[in-house]
Amino acid sequence: MPAGCSLGGLTAEISGEDSVVESVAENTGSVGTNGMTVGAAAGGPWTAATDQSITYTFTGGIIDTDDAGTSIPGLTIYNLSTNNTVGEAMIRGTEISYTAVVHQTGANTSTAELTLDLTNASDTIEVFMDAATITANGETVFLDGGDDDVTAETEDDYIEYLAVTGGTAVTAGEQRDPNGTIGYTAFAYGGGNITSTFTDTVTTHDFSKDTLDANVQVEQMVNGAYSVITVTTAYNSSTGVYTIPVPVTDNGTVYKVSINEYGITEANAKGGYTHRGNYDQVANNNIYAVAPTVVSVTAPPTFSVNTDSVAGEPYIEIDSSGTYIDTAALTSANISLYVTYDADDDGGANTPDITSLVDFTVQSEDDNTFRLYLPVNLNIAAGDDYEVVIQPVVTDKGADLVATTDDLIHIDTTSDDGSFTLSGTF
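Letter by letter, the sequence shown follows residues 0 to 425 of numbering that gives the first Met the number 0.
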């Protein structure tokens, strides 16, 4: 059974072979405060010559130097090979020596100016900062590239590639990227399955099904609450399609898919690093989204306006076929009725039309039809307009809904709060 955690939840409501899926982007990521970050290199462009300068800015600490005060432990600059292979990590060549001068620029910020000789450099050089070695504030602060207050992890390494005009040409190869992120498409329903396509950092699909299963959770709404379900998934490593067959495909069934982005990793390292969907392990450890977006799969109900022939009371009759509204459970608390009418029947000559929130009573006619009875003294005339706003309703029609399930159905259409509006003219 897939288990794990997520930044966000996705829901799919099923309507025959078609479905609408929306994503919830709940960014609960932490902001690192204990680690150090580094900004991109400044000082370029660089050429194959002496006395070249590269400057880095460090936030969160005063960068440490070696005992001689001329270099930074953990910061290495490499020439690159002329014999790299496409798809494989670039081969590091000789190290390029440098002299470092550190300047404190704020209470907890600093710059490091590196002076070096690039006369014999390759046309691309690699600057590598080892998160486990490079420190600040007297070896008390480490790099935190994931910005999650967990420092000195492999993904916290800092690597940058700089172009050197006039340098020896470097052949194509895979650049190292400590915290490149994998991608996946929004989970969507179709043909009895919920699917997503996963893509690694070299645009292939190098993932383990076991890893995906361990970090994807599927829940089904039952009796108004989500419950984790056991599913038997499939993964196609050629296409990247991850398939989740769902047990119930009746119209209106609701599912939520959650994913632990931190736990989703490539099966094999790319450019020397195994990449994740997200590097904030604090936000992605056993946390599932709890506020999914509910998606409508049915059109707003049809409706008609009539006058009761017995009592003489005007009413609005709403046919809710196909929407799974439990007409017997509707009350005036779920409905707001606005009528725009000519109060003195003068055609608007003396008084303007009035739009008013009107009292009414609700009466269920059958499983699919209900009426809103208006006050007799409302003075409604032909041509007056009305608007009915029905708030979100969660209903359980049991066997009347579908023979195989009594799952709750969310009624939702066009508005952010889940209500829908019906408008017409008497």
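Read the hints as simulated data drawn from the structure, not as lab findings. No experiment lies behind these values; they were computed from the predicted model shown. Among the hints, erroneous ones may be present.
[Claimed, not checked] Between beta-carbon pairs, the in silico distance windows are:
1. Ser-335 - Thr-229: 37 to 45 Å
2. Asp-116 - Thr-198: 38 to 46 Å
3. Pro-72 - Ala-39: 20 to 28 Å
4. Thr-330 - Ala-266: 26 to 34 Å
Backbone N, C-alpha and C fix where the C-beta goes; we use that ideal spot for every residue, glycine too.
Here is how each hint holds up against the structure:
The beta-carbon spacing between Ser-335 and Thr-229, approximately 42 Å, falls within the hinted interval of 37 to 45 Å. At roughly 41 Å, the beta-carbon separation of Asp-116 and Thr-198 lies within the given 38 to 46 Å, and the hint holds. For Pro-72 and Ala-39, the hinted distance range of 20 to 28 Å is satisfied, since their beta carbons lie about 21 Å from each other. Taking the beta carbon of each, Thr-330 and Ala-266 are about 55 Å apart, not inside 26 to 34 Å as hinted.
The earlier numbered hint that this structure contradicts is number 4, and it is the only one.
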